[in-house]
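First to last, the protein sequences are chains A and B.
With our numbering, letter number 46 in the first sequence gets 340, and the count goes up by one each step, no holes.
With our numbering, letter number 20 in the second sequence gets 66, and the count goes up by one each step, no holes.
The set of hints was computed from the structure by calculation and includes no laboratory data.
Everything numeric in this text was worked out from a predicted model, so none of it was measured.
Check each hint, because a few of them may be wrong.
Ranges of calculated distance between the beta carbons of each label pair, as one might list FRET restraints [unchecked claim]:
#, chain 1, residue 1, chain 2, residue 2, range
1, A, L438, B, A284, 39 to 47 Å
2, B, G107, A, S384, 54 to 62 Å
3, A, A446, B, R203, 55 to 63 Å
4, A, G408, B, V319, 25 to 33 Å
5, A, S458, B, R278, 41 to 49 Å
6, A, A450, B, R278, 38 to 46 Å
7, A, D370, B, L157, 39 to 47 Å
8, B, I155, A, S403, 34 to 42 Å
9, B, L115, A, G412, 41 to 49 Å
10, B, H106, A, G408, 39 to 47 Å
11, A, A400, B, G170, 54 to 62 Å
12, A, G321, B, A191, 55 to 63 Å
Just a sample of chain B residues kept apart from chain A, beta carbon distances all over 12 Å, derived [to be verified]:
#, residue
13, A49
14, S98
15, S112
16, L126
17, T134
18, T135
19, G159
20, D160
21, L184
22, L196
23, G202
24, V222
25, V223
26, R253
27, A292
28, M313
We put the beta carbon where it would ideally sit given N, CA and C, even for glycine.
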Amino acid sequence: MIEVRDLVVSYGTATALDRLTLTVGRGEMVALLGPNGAGKSTLADTLAGLLRPAAGTVRVDGRLALIPEGRQLFPDLSVADNLALGGWRSGQRDPSFVYELLPRLAELSSRRAGVLSGGEQQMVAFGRAMMSRPDVLVVDELSLGLAPNVTADLAAHLAGLNRSHGLTVLLIEQNARLAFELCRRAYVLESGRLVTEGPCDELAGDPRVASAYLGGAIT
Amino acid sequence: MSAFLTYLLNGLAVGCAIALIASGLVTIHRVTGVVNFAQGTFAVVAGLCTSSLLGLGFPHGLSEVSAVLAAGVAGLLTGLAAIGRRGTTPLSSLIVTLGVGVLAYAVEIVLWGDQPRSAPGLAGSVTLAGARIQTHYLLVIGVTAATFVLLALFFGRTYLGKALTACASNPYAARVVGIDVRRMGLLAFALGGVLGGIAGVLVTPLRPISFDTDVTLIVNGFAAAVFGALTRPVIALAGALLLGVAETMAAGYGYGSHQLEVALGLMILVMIVQASRRSAISEEPA
Chain A
295 MIEVRDLVVS YGTATALDRL TLTVGRGEMV ALLGPNGAGK STLADTLAGL
345 LRPAAGTVRV DGRLALIPEG RQLFPDLSVA DNLALGGWRS GQRDPSFVYE
395 LLPRLAELSS RRAGVLSGGE QQMVAFGRAM MSRPDVLVVD ELSLGLAPNV
445 TADLAAHLAG LNRSHGLTVL LIEQNARLAF ELCRRAYVLE SGRLVTEGPC
495 DELAGDPRVA SAYLGGAIT
Chain B
47 MSAFLTYLLN GLAVGCAIAL IASGLVTIHR VTGVVNFAQG TFAVVAGLCT
97 SSLLGLGFPH GLSEVSAVLA AGVAGLLTGL AAIGRRGTTP LSSLIVTLGV
147 GVLAYAVEIV LWGDQPRSAP GLAGSVTLAG ARIQTHYLLV IGVTAATFVL
197 LALFFGRTYL GKALTACASN PYAARVVGID VRRMGLLAFA LGGVLGGIAG
247 VLVTPLRPIS FDTDVTLIVN GFAAAVFGAL TRPVIALAGA LLLGVAETMA
297 AGYGYGSHQL EVALGLMILV MIVQASRRSA ISEEPA
């Protein structure tokens, strides 16, 4: 599970996250919505231990893995090497577990990550995160730059892992439709502050959320 | 013709030593983004250590290996000074490496004095296609070839080598998967120290080494590394061999006192060509 209380993260004098509080229960899949610059990736990096909070607390039960925004692969290395390095923390270098989850990666294993399509790269990033056998997965912009069918495929994998392995997921998204399809609860972040939270079906009916994230139409 | 071949082979050997310096520069720069101007110092430390250890009666092999390890330690210490503090920018680290190089002068003068020192290398010479070449030059070529093969295997086949490549390729992603990029940078500095040390051990029997020999070594090594855009070791190797041959030819045909100028001239030429290529690419309409 993830428990964030009164979290403040700053870059110099600029405050990126301002007294943020949120929780994701064990085995839960929760969305975090927000526009560019809201502080979503700052939260992801803080949860992953890459940024230090200026104030507040962050508690993560179990091992956390991050799928960062923009995939962030090692383009010069093969898919197999990218996956093996995903197991750096856990000492798990054998990717066969990931190949079972995502068989397509086995076919791509010898290809250089930098030459793959966006969808394939996102799948590698997904597999690389799973190499550490995480209890908690933070996914920063799963759908960014991907075709809808590719996103749907990856989302199905994510939902499957959440159901079958009890994986706790924090899905950071700008694509509210996708987030509301996958998650029961969501938080909405703007300018580093939480502006609203609640069950996804209620948020979908909130005119402010609908206007900002669903193109003004509630579907 | 035989004189030309002799110069060519000798030049290749000189180029190999330059390539080792350049490969250290490239290794450190790829992983940390830092141009390490103390790289020549590692060779000087190793050369002076070899001279002392052999002078103290230690056998060949042990003396050279110990000297290379000492250079590795010097590399690690330089790394600690340059990138040990979190948040140090590559430019600040570059200036720190310059400072380390100057500090090393003082330490080397205290320990070894200011007079050049040499060490006996592999004796004898062989004749190849009518060209006479010292056996030690062949040793330099052989050791350099073996070092580059080992480096390629290390970076291409080992988990640690791939982690170093990962840091060079995408430091943020390396941190995401849990790799300690700073520690990997220190490892790169130690590896750079070892590579510089191998160069120093190989060069000392050919050219006496003193505290300030690092200037010649770093200018040559930097020229070759720039040839490989500070990121591509194999192209840096090609650049180093070209430089070694050009310098030896210049010396052989009567311009011996202008070797450093040859290196500097080539370096400036390569930098101008690369800079103009980069600006041409960036100005190209999309």
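Cross-check of the supplied hints:
1. Taking the beta carbon of each, L438 of chain A and A284 of chain B are about 40 Å apart, inside 39 to 47 Å as hinted.
2. In this structure the hint that G107 of chain B and S384 of chain A lie 54 to 62 Å apart at CB is violated, the actual value being about 41 Å.
3. The hinted window of 55 to 63 Å between A446 of chain A and R203 of chain B is violated, with their beta carbons roughly 38 Å apart.
4. Roughly 26 Å separates the CB atoms of G408 of chain A and V319 of chain B, a value that falls within the hinted 25 to 33 Å.
5. Distance hint check for S458 of chain A and R278 of chain B: the Cβ-Cβ separation is about 45 Å, which falls inside the suggested range of 41 to 49 Å.
6. Range check, A450 of chain A to R278 of chain B: about 41 Å between beta-carbon atoms, so the 38 to 46 Å window is met.
7. As the Cβ distance of D370 of chain A to L157 of chain B is approximately 41 Å, the hint placing it in 39 to 47 Å holds.
8. At roughly 55 Å, the beta carbons of I155 of chain B and S403 of chain A sit outside the given window of 34 to 42 Å.
9. At roughly 47 Å, the beta-carbon separation of L115 of chain B and G412 of chain A lies within the given 41 to 49 Å, and the hint holds.
10. At about 46 Å, the CB distance of H106 of chain B to G408 of chain A agrees with the hint of 39 to 47 Å.
11. The hinted range of 54 to 62 Å is satisfied by A400 of chain A and G170 of chain B, whose Cβ atoms lie roughly 56 Å apart.
12. At roughly 57 Å, the beta carbons of G321 of chain A and A191 of chain B sit within the given window of 55 to 63 Å.
13. With a least CB separation of 44 Å from chain A, A49 of chain B remains clear of the 12 Å interface cut-off, as annotated.
14. With a minimum CB-CB distance of about 41 Å to chain A, S98 of chain B clears the 12 Å threshold, and the non-interface call stands.
15. The beta carbon of S112 of chain B sits about 33 Å from the closest Cβ of chain A, which is more than 12 Å, so the claim that it is off the interface holds.
16. For L126 of chain B, the condition that its CB be more than 12 Å from all CB atoms of chain A holds, with the nearest at approximately 22 Å.
17. With a minimum CB-CB distance of about 16 Å to chain A, T134 of chain B clears the 12 Å threshold, and the non-interface call stands.
18. The non-interface label for T135 of chain B is consistent with chain A: the shortest C-beta to C-beta separation is roughly 14 Å, beyond 12 Å.
19. With a least beta-carbon separation of about 46 Å from chain A, G159 of chain B lies farther than 12 Å from that chain, consistent with its non-interface assignment.
20. At roughly 45 Å from the closest C-beta of chain A, the C-beta of D160 of chain B stays outside 12 Å, upholding its exclusion from the interface.
21. Even its closest Cβ contact with chain A, about 34 Å, leaves L184 of chain B beyond 12 Å, as expected for a residue assigned away from the interface.
22. Here L196 of chain B stays apart from chain A, with its beta-carbon at least about 19 Å from theirs, past the 12 Å limit.
23. For G202 of chain B, the condition that its CB be more than 12 Å from all CB atoms of chain A is violated, with the nearest at approximately 10 Å.
24. The beta carbon of V222 of chain B sits about 5 Å from the closest Cβ of chain A, which is not more than 12 Å, so the claim that it is off the interface is violated.
25. At the 12 Å boundary, the C-beta of V223 of chain B falls inside the reach of chain A, the nearest C-beta of that chain being 5 Å off.
26. No Cβ of chain A approaches the Cβ of R253 of chain B within 12 Å, the least distance being about 37 Å, so the stated non-interface status holds.
27. For A292 of chain B, the condition that its CB be more than 12 Å from all CB atoms of chain A holds, with the nearest at approximately 31 Å.
28. Non-interface call for M313 of chain B relative to chain A: holds, since the shortest CB-CB distance, roughly 27 Å, exceeds 12 Å.
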